[in-house]
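Let the sequences and hints guide you as you build the complete structure.
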Amino acid sequence: MAKEQANWARGITMRPGDRWYTGWVYLLPGFFIFAALVLYPLGLTFWYSFHDWAGIGRPVWLGLGNYLKLFQDKLFWQGIFHNLQFVIFYSIIPIVLGLVLSSILHQRWFKGVTLFRTLLFLPQILPMVLIGIIWRWLYSPVNGPINQILKAIGLKALARPWLGDFDWALPSLGIVATWYFYGFCMVVFLAGIQKIEPHLYDAAGLDGASALQQFWYITLPDLRREIGVVMMFTFITALKVFDVVFVTTRGGPGDSTLVTSLYLYEKAFKQKAVGYGASIAVILTIFTILIALFLRRYQERKV
Amino acid sequence: MKKLLIGLLLLLSVASAQTLKEWDLLNRGVTNSVQEQLNKEFLEAHPGVTIERNSMSFDDLIATVNLALSSNDPPDIAMVNQGANDMGAAVKAGLLLNLDTYAEKYGWADLYSSKLIDRFRWSDDHKFGIGHLYGMASTAQFVGVYYNKAIFKQAGISIPETFEEMQTSFASLKAAGITPLAYGNLEGWPGIHLYSSVQHLFSTTEELDELIFARGGTWITDGNIEAARIIQDWVKQGYLTEGFSGIGYDDSWGLFLQGQAAMMITGTWITGEFVSNPDIGFFLMPPLAANKGTIPPHIAGTEVPFTISVNSKNADLAAEYINFMHSPRAADLWLEAGLVPAMKADESLIQEGSLVADTYIAWQKINEANAMGHYIDWATPSFYDTTTSAIQQLEASRVTPEEFVAILDKDFQEHLSKQ
Chain X
1 MAKEQANWAR GITMRPGDRW YTGWVYLLPG FFIFAALVLY PLGLTFWYSF HDWAGIGRPV
61 WLGLGNYLKL FQDKLFWQGI FHNLQFVIFY SIIPIVLGLV LSSILHQRWF KGVTLFRTLL
121 FLPQILPMVL IGIIWRWLYS PVNGPINQIL KAIGLKALAR PWLGDFDWAL PSLGIVATWY
181 FYGFCMVVFL AGIQKIEPHL YDAAGLDGAS ALQQFWYITL PDLRREIGVV MMFTFITALK
241 VFDVVFVTTR GGPGDSTLVT SLYLYEKAFK QKAVGYGASI AVILTIFTIL IALFLRRYQE
301 RKV
Chain D
1001 MKKLLIGLLL LLSVASAQTL KEWDLLNRGV TNSVQEQLNK EFLEAHPGVT IERNSMSFDD
1061 LIATVNLALS SNDPPDIAMV NQGANDMGAA VKAGLLLNLD TYAEKYGWAD LYSSKLIDRF
1121 RWSDDHKFGI GHLYGMASTA QFVGVYYNKA IFKQAGISIP ETFEEMQTSF ASLKAAGITP
1181 LAYGNLEGWP GIHLYSSVQH LFSTTEELDE LIFARGGTWI TDGNIEAARI IQDWVKQGYL
1241 TEGFSGIGYD DSWGLFLQGQ AAMMITGTWI TGEFVSNPDI GFFLMPPLAA NKGTIPPHIA
1301 GTEVPFTISV NSKNADLAAE YINFMHSPRA ADLWLEAGLV PAMKADESLI QEGSLVADTY
1361 IAWQKINEAN AMGHYIDWAT PSFYDTTTSA IQQLEASRVT PEEFVAILDK DFQEHLSKQ
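As they're listed, the protein sequences go chains X and D.
According to my numbering, the stretch in the first sequence is residues 1 to 303, in order.
According to my numbering, the stretch in the second sequence is residues 1001 to 1419, in order.
What the hints contain is simulated information worked out from the structure, not anything from laboratory work.
You may find that some hints are simply not true.
Where chain X lies over chain D, by a calculated footprint (3+ residues, C-beta under 8 Å) [what the hints assert, rightly or not]:
no.	segment
1	1066-1073
2	1379-1387
On the chain X side, residues computed to face chain D include the following (Cβ under 10 Å) [to be verified]:
no.	residue
3	54
4	55
5	140
6	141
7	142
8	144
9	145
10	148
11	160
12	250
13	253
14	254
15	255
16	263
17	267
18	270
Straight-line C-alpha distance at most 35 Å; calculated DSBU-like pairs for lysine-lysine [stated by the list, open to error]:
no.	chain 1	residue 1	chain 2	residue 2
19	X	270	D	1236
20	D	1418	X	240
21	D	1040	X	270
22	X	74	D	1410
23	D	1149	D	1410
24	D	1092	X	69
25	D	1344	X	270
26	X	240	X	69
27	D	1292	D	1149
28	D	1236	X	151
29	X	156	D	1344
30	X	156	D	1236
31	D	1127	D	1115
32	D	1153	D	1418
33	X	156	D	1174
34	D	1174	X	270
35	X	240	D	1410
36	D	1410	X	270
Built from N, CA and C at the ideal position, the CB exists for glycine as well.
What follows is the structure, encoded as structure tokens:
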């Protein structure tokens, strides 16, 4: 039959007696779970975002009211701006560090490389909340090791209440994220490097290419896919950062570390403006999807 | 036949048994054990009754209790926080029982200052602080000054009678190389208490009521600006723990407990942590010299109050439970545990000169003078977030005292215009 042949051509095998919907039936259980846990809440959030609602009682229809207010909300835009600053620390610096470390460590120059790899990856196994608490202590002006060391080596002038300093709080939290993610980048890149043909390096070496040139012309182009994956992942994480800010500065001092998801939490759960919080969530989701699509297109174009 | 009879009897006894579902936030060590004891004694006095207790943290309770009250199977008794966001919203949604008749029956209005009881009131036209009663709370919390007696003696200073004297003692302590005030404002909320403790000295309780119950008025007043200027001055003079902007609340009281500062301005919820150090005492914020001898308004309130669900099938029993929580026996148990009951307790239980005695006497003074101020973050739903951020900016001199009160007032006027 023509239909079966068409299916065959698309790589779908149907045996005699199979109905067209057999495959779809198998999808149903998974679809229900997906619908209940993802689509339904997503749709509900979208629905609430058009209402004034305190979490109980009747939602009042506002139309685009929440969105109009949101676009004029200075704190919301500040939050987005801080998220974008976090991209530098969540994504760009860890990728650069990961590339450098992986190209050093894959060469097995010295003994104990495996140990180093493991140690550098270690931050990844800790929960972010715990990491926040550890770093809060490291940065503390009361017996915090960072200030203690600065004082001990005569750099007392540099010691400061890191997390309470308007200029330093965001970079200080950023460094925590960098410390968390560079090990992850490194491991992904190491795996990528291992699949590059060794003879490419041998040939380049014979032709007199320096280590830097080998990195630039062989390693980097061949890691394009890995870089794309890691960038997508870390970028999205930077856009939805919450935990590390919540357990350290709570957006302070002032609003200098206020990020979008924390603002969402304050509005929806503390101030009980659930509709308004939902509109923040919707914009954040759209924003994240757009960036993911952009990164993906960029990745594909280069392939 | 016999078996059937026994079965029937069992069934009957089950049917007559009443279950009270109770939600609270008394989940920490001392408060938890007192609440357990009170529940036990209530059950002993009411055979056939069972209590299903659900105790959780403040944040968890705030996030879930209103939803639970609006469900098909609500708790009979639940702690619901005061203010428009929580109790106000629950009243508006018709989730809470009007307790007026019970209050009259048990005489709740005479237990403590009407200024505190008014905070459990909402009127039919949804005004805060007047109208029907929706809750009751049995322990008091207020902000004052903890001090280290040994450091005071060493520095030759005594409990100040005026605010001006207190500032003079700050200067002499600082000159002697002692940090006058233990303070950490990483989380932002301790700043609300520091600022409003000073701000209250320049206000009357009537003015504060206006602002906190959002009846009108403005935050742009000379007193509010002056208080902001004083906080900036304290920062500049180095009266607060060095690096306070990066220090958490727990670290700050830890420093004070270890004797690394002479005083700490904070709330009585922390008394339990301080009783281990016999050097620590407590006094109320002293009034301005112009008002010497009076008790100025203090940041004061109660624990989160108990309410009754409008759908409770055991409302009478639930009211009896709440009444037991305010009995002399309950007051004594709280006092023995080091917490200040909102109502009078058996004073022979307190040890003279102890920290608990200091706080208990201080509370009686506030109560008698009706000097109840407020947690200013209640003023509007977003006031907590606005104020914490603004105070951190004030302390870092990112805004002037005038700009600071303007930030507060902007939030406040926006809220008023929506009402």
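Structure-based check of each hint:
1. 1066-1073: holds (count 4)
2. 1379-1387: holds (count 4)
3. 54: 5 Å, holds
4. 55: With a minimum Cβ separation of about 6 Å from chain D (threshold 10 Å), the hint on residue 55 of chain X holds.
5. 140: Holds, about 7 Å.
6. 141: 3 Å, holds
7. 142: 5 Å, holds
8. 144: 8 Å, holds
9. 145: 14 Å, violated
10. 148: For residue 148 of chain X, the interface hint is violated, since the closest Cβ of chain D sits about 12 Å away, which is over 10 Å.
11. 160: Constraint on residue 160 of chain X satisfied, holds at 7 Å.
12. 250: 6 Å, holds
13. 253: Check passed: Cβ of residue 253 of chain X comes within 4 Å of chain D, closer than 10 Å.
14. 254: Interface hint status for residue 254 of chain X: holds (4 Å vs cutoff 10 Å).
15. 255: Since the shortest Cβ distance to chain D is 5 Å, the answer is holds.
16. 263: 9 Å, holds
17. 267: Given a least distance of 8 Å, the restraint on residue 267 of chain X holds.
18. 270: At 7 Å from the nearest chain D Cβ, residue 270 of chain X passes the 10 Å test, so the hint holds.
19. X:270 x D:1236: Distance of about 33 Å is within 35 Å: holds.
20. D:1418 x X:240: 31 Å, holds
21. D:1040 x X:270: Distance ~34 Å between residue 1040 of chain D and residue 270 of chain X Cα, so the pair holds.
22. X:74 x D:1410: With a Cα-Cα distance of about 14 Å, the restraint between residue 74 of chain X and residue 1410 of chain D holds, given a limit of 35 Å.
23. D:1149 x D:1410: 42 Å, violated
24. D:1092 x X:69: Holds, because 25 Å separates the two Cα atoms, which is no more than 35 Å.
25. D:1344 x X:270: Distance of about 34 Å is within 35 Å: holds.
26. X:240 x X:69: 21 Å, holds
27. D:1292 x D:1149: 23 Å, holds
28. D:1236 x X:151: Measuring from Cα to Cα gives roughly 22 Å; hence the hint holds.
29. X:156 x D:1344: Not OK: residue 156 of chain X and residue 1344 of chain D at ~53 Å, beyond 35 Å, violated.
30. X:156 x D:1236: Distance ~19 Å between residue 156 of chain X and residue 1236 of chain D Cα, so the pair holds.
31. D:1127 x D:1115: Answer holds: residue 1127 of chain D to residue 1115 of chain D is near 15 Å, not above 35 Å.
32. D:1153 x D:1418: Status violated; Cα separation ~53 Å.
33. X:156 x D:1174: 21 Å, holds
34. D:1174 x X:270: 39 Å, violated
35. X:240 x D:1410: Measuring from Cα to Cα gives roughly 29 Å; hence the hint holds.
36. D:1410 x X:270: 19 Å, holds
Violated hints for the displayed structure, listed by number in ascending order: 9, 10, 23, 29, 32, 34.
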